[in-house]
Amino acid sequence: DTGVSQNPRHKITKRGQNVTFRCDPISEHNRLYWYRQTLGQGPEFLTYFQNEAQLEKSRLLSDRFSAERPKGSFSTLEIQRTEQGDSAMYLCASSQTGGPGELFFGEGSRLTVL
Amino acid sequence: ELKVEQNPLFLSMQEGKNYTIYCNYSTTSDRLYWYRQDPGKSLESLFVLLSNGAVKQEGRLMASLDTKARLSTLHITAAVHDLSATYFCAVDMIVTSGSRLTFGEGTQLTVNP
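So the sequences go chain by chain: A and B.
Residues 12 to 125 (our numbering) make up the first sequence, in order.
Residues 6 to 118 (our numbering) make up the second sequence, in order.
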């Protein structure tokens, strides 16, 4: 399977704990995006990388959130001191510079904070 | 800030009927995308519209883009149950660092037999 891969698919945690999600993009794609989706809403942009550089962060991304893409391949999204409001589906997507701009999404990582 | 609005947000229709979903956006862009999402699943790309007047068709779905009106439509012809899903439009906003997609709230479509 050469699509976008995310894990874990589902994480249940207690408030105050840290969680980390991983995303492996389509191998030839140099852009990687993180979005958050809550029930009944469209995906909301969080951040994006071109290669290893983090080029934009949404103001939705509080100080408790950090994303990395150390070698320009896979990416991690860490949430520290989780809160119940962080419960959502975290979607990763990738695309190629110079292409039509279409994003290819992974299956998502669902976070439940108790 | 770019706003993307879809209507209707909920659509219940009978098999065999036609209907149109509308997507309005608030700032200049000439790139618009339609995605489908099934419950509990991720987003599947349906259409990529890259210029004013672009029209794409796949099966019973047809999408069009009018950049002057800042409007895209997704037309459903002779709906079947398999089309039941949530449909999102997304607009590409060019920023200094590149581009990113801003999504509408989605239209939840239910096709009844």
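Mixed in with the good hints there might be a few duds.
[Unchecked claim] One side only, chain A facing chain B, incomplete, derived with CB under 8 Å: (1) Y44; (2) Q52; (3) Y59; (4) E79; (5) P81; (6) F85; (7) P111; (8) E113; (9) F116; (10) G119.
Simulated from the structure, these hints should not be mistaken for laboratory data.
Glycine residues also receive a C-beta, built at the ideal position from the N, C-alpha and C atoms.
Of all the hints given earlier, name the ones this structure violates by number, lowest first. Of the numbered hints, 4, 5 and 6 do not hold.
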